[in-house]
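Asks: From first to last, the protein sequence lines are chains A and B. Going by this note's numbering, the residue at position 90 of the first sequence is 164; the numbering climbs one at a time, nothing skipped. Going by this note's numbering, the residue at position 316 of the second sequence is 390; the numbering climbs one at a time, nothing skipped.
A few of these clues could be false.
Because identical chains cannot be distinguished in the list, a pair is counted as satisfied if it fits within a single copy or across any two copies.
Claimed, not checked - In silico PhoX-like pairs for lysine-lysine, Cα to Cα no more than 25 Å straight-line:
(1) K134 - K231
(2) K370 - K295
(3) K454 - K200
(4) K417 - K200
(5) K231 - K295
(6) K510 - K500
(7) K540 - K500
(8) K330 - K137
Because the hints were derived from the structure by calculation, they are not lab data.
Number of protein chains: 2
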Amino acid sequence: MRSFTFYERFSRAFHENSSLSKLLVVLTVSGGGIAAYAEANSESQSPRVDLINGSEGDGKRKKVVVLGTGWAGTSFLKNLKNPSYDVQVISPRNYFAFTPLLPSVTCGTVEARSVVEPIRRIVRKKNLNVLFSEAECIGIDAKNKKVYCRSNLGNNKEEFSVDYDVLVISVGARVNTFNTPGVEEHCHFLKEVEDAQRIRETVIENFEKASLPNLSDEERKRILHFVVVGGGPTGVEFAAELHDFVTEDLVKLYPKVMDVVKITLLEAADHILNMFDKRITAFAEEKFHRDGIDLKTGSMVVKVSDKEISTKERNGEISSIPYGMAVWSTGIGTRPLIMDFMKQIGQTNRRALATDEWLRVEGHDNIYAVGDCATINQRKVMEDIAAIFSKADKDKSGTLTVKEFKEVIDDICERYPQVELYLKNKKMKDIVELMKESKGDVEKESIELSIEEFKKALSQVDSQMKNLPATAQVAAQQGSYLADCFNRMEECERNPEGPLRFRGEGRHRFHAFRYKHLGQFAPLGGEQTAAQLPGDWVSIGRSSQWLWYSVYASKQVSWRTRALVITDWTRRYIFGRDSSGI
Amino acid sequence: MRSFTFYERFSRAFHENSSLSKLLVVLTVSGGGIAAYAEANSESQSPRVDLINGSEGDGKRKKVVVLGTGWAGTSFLKNLKNPSYDVQVISPRNYFAFTPLLPSVTCGTVEARSVVEPIRRIVRKKNLNVLFSEAECIGIDAKNKKVYCRSNLGNNKEEFSVDYDVLVISVGARVNTFNTPGVEEHCHFLKEVEDAQRIRETVIENFEKASLPNLSDEERKRILHFVVVGGGPTGVEFAAELHDFVTEDLVKLYPKVMDVVKITLLEAADHILNMFDKRITAFAEEKFHRDGIDLKTGSMVVKVSDKEISTKERNGEISSIPYGMAVWSTGIGTRPLIMDFMKQIGQTNRRALATDEWLRVEGHDNIYAVGDCATINQRKVMEDIAAIFSKADKDKSGTLTVKEFKEVIDDICERYPQVELYLKNKKMKDIVELMKESKGDVEKESIELSIEEFKKALSQVDSQMKNLPATAQVAAQQGSYLADCFNRMEECERNPEGPLRFRGEGRHRFHAFRYKHLGQFAPLGGEQTAAQLPGDWVSIGRSSQWLWYSVYASKQVSWRTRALVITDWTRRYIFGRDSSGI
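Only chain A is shown next, with the shape it has when bound in the complex (with noise of 0.2 Å):
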């Protein structure tokens, strides 16, 4: 994945002078234009595939289903090269949409049709036989490999089925309203383009709303509320950029009521950005507070009413607060296709699709999950640590030698991911540190460890499993993992390359899948963005905000929509965000 190793290239040199960032921006910019041409004649000549009837029934070609244009979905399909599937594509949208731009979609920054871009466009390039429906799926039937999908263009909906022979379900996640009452009805979420586009309306809708004649100072108080619920990055940042928004243009056109606006930041936790560096949660607080920003933790919300949302705070007490607008944004919750498949095939009372480690569906090997809508069940060392055993004493001897160990040390670390994690943790340089320390003070090269002494030292190990963070990022990098699988596999049929199977004979045909966290980043606003980047390395302020932008602008999927973004950027930078109430 480009745009990755990019990034890592990036903070490596960001590290060493800061000033690169903004150079980058700016070659950026200068080089879209040219590469860009240069792109768009190249298409013109590229073959034409066949999108609407995939060519089926000569019997050896398989065909892969692929539900959803997501982060996974749409990075699997950017790098699937394997000429040899016919891929059908199931989404209820026919475009990939740049996610991490939404907040500032919500206030005009960035336009919606600069995020998105047609997933025809990003599939045309290639030699693959690659088919397009603009539906949503319904229904999976793993038992006769079919998946049923409803289209909805236009006001008649359409019900099919298609067959698959593999089946990638990235789906994604919905909203998590936690049952709450009334947050369906009356607030807004920010999660599809078409939600950013609402909050726009809506804001501007509100602005218009409180300068009309004959208003109470109350009602109109009541219209300029703006509350936010949630304080994770996706709740902060819309908050920030309607700060911004406010104060940098609508400021100009209804000064009369600029002083009622009011935001609010509702969170239950204790402090916002719970999932960043310390500094950084204490940073985004203090700048809300200087802000004008009303931050309030602690505070969860009960009900919500057309005009009212009633909080718990942490005594119990129960308080109504009138608001014009609301967003929520606090969290993912499973899909209903997800949840009856889960049912379906088992696996109840989970969160999301259970994997193995190289994205399969748990039981089914002709159905990998990739994205939010799944979670890797990482194998823990313990449930095998027999078969381990067995596999590693060679000679049978009911003993483990260390040089029979550092045989199968590798596959080890590489099956079970915790194991390195363990080690890092404790500081240990490596895997027979381990065994020393079960085995108390012996020579390094005399240790000999039984099964239960085994088990003793690896007791601890499992503890260190983490789910892995339901980001973009992660989904990104399963999508374009399970390409690259697919890509190269014929030839990992014949020379398998993964780590030894334990519990069975030869090795597995993949490495595993291994996520790579590359850091993320908190805007903040008034061009001050908050970034935490892989050893923990926190960076606050303008020159990070300048890093964003680079790397936002990376990232694109396509250089149409880098440019696109790009001169959003720049026309905001000149001339405002607009306040037109279209």
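Fit chain B to the known structure of chain A by using the hints.
Replies: Leaving out everything else, chain B in the frame of chain A:
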């Protein structure tokens, strides 16, 4: 009006050197950034005006209420400089839309947001007391000097009334369906920005629909049949834009369905673009033929159902055409508000509000009507012939001498512009020739006309009266004329500058409104545009397209929209049009 004089100078320059046009576009593009930035900076220092509560009750200031923010209303507001009025603007849209670019918006050649400018931005730069309310006027009470309004923001509709001293009606017109059954329900219009956005969505939607599996060939063909009803400039431009969108962009993404795409243009008359020169009509028809756009003239739509359009041909035959999307663009009708008001003031059986030549609603000195909702009821010479004669006959001799006549000639020509048109048509040098004609072959200086001879001389003059076309150009000129009158109200009350009052004493306060036709464009797709410029000068082809770009860029209401439109054109040129379904 800056943009129009620019146009004039330009069209003259264009006669001399056609390559100038290209240069101008480049200049416009490169100049935009700097000038725009300067503007953005100066804006932030401009005084803030009270946009909610106009300063009322000081007893001296007159309250002007403006209904509508289309071409006429916005042009009025933009040119109004007299700070002695309190202005309240009431419009269901808080922005001005550059409607001539709407056909470009339907296919994404230009973005919707690039053709709109918030009305608050337009008025705030001035030292005026302007109040804006986003609401629709639902009733005018001329007797009590009150308008009734309804805001339509969000879900709740609020009603309120506003008093006025002076009313400017500029609400425009609505689409005329000629009561054809099914048109309202099934056809798209192309009058508002939202219409253009919906058309864009529907075009993409239909391409996606046609790409779904399990569809019969017939159904696929129907879905991709786009029908345009009405061969006026808007319908023709939309058909051309759609053809470009399909052949330049969609063909790459939907290659499989391309052979069933069809565009049909239905026109009830014998030719399209009736109001243009015959050369333009012929070129357009020939080009559409070459492009494969099916042009059906003499075909009147009599009924529209959800999947079929019924037409009546010249021979009386009724036939049915299956269609996927229809755009109705056949001309304009009267808004209900205006119909009600006309009934109230006794103007029935008219298409639009009748005003005098000073744009005042007849019989209501404090109500003005401009733009598409009004027509100027030009006074006939023959109605006033006795008054004119008596006024001209200074010595009350019962006959008019040439000397007497010459003294009032200018006033006659200004008050009754049809006189000048008649002379021009008859190729006469001045009105004395007309007198001479009625008198026979006598010496010029000794001509003396009796009232009967005078009547005879002018009897044919009124045949030259014409209604102004319902165009943006007329509306904009009326708005700016009216603003100019308001700006110089006090001055002209003291020193009237208008023509003689033939039926009263003294002079009219102002010169009468006179429309200056500056030419018209008909973009025909494929970078080909037809231009009909003053003096029946016709230009067709690529150079006119560049003229079109230049004029439309220069006519933009602000530097912001100018830059936006130009960058949109550039983006389109480099990356093509977007086909995401948002």
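Asks: Hint by hint, say whether it matches the structure.
Replies: Here is how each hint holds up against the structure:
1. K134 - K231: Intra 33 Å, inter 62 Å, cutoff 25 Å: neither.
2. K370 - K295: The answer is within: 19 Å in one copy meets 25 Å, while 58 Å across copies does not.
3. K454 - K200: neither (40 Å within a copy, 72 Å between copies)
4. K417 - K200: For K417 and K200, neither the intra-copy (37 Å) nor the inter-copy (65 Å) Cα distance is at most 25 Å.
5. K231 - K295: Between copies, since 18 Å is at most 25 Å while 43 Å is not.
6. K510 - K500: within (13 Å within a copy, 116 Å between copies)
7. K540 - K500: within (17 Å within a copy, 93 Å between copies)
8. K330 - K137: between (61 Å within a copy, 20 Å between copies)
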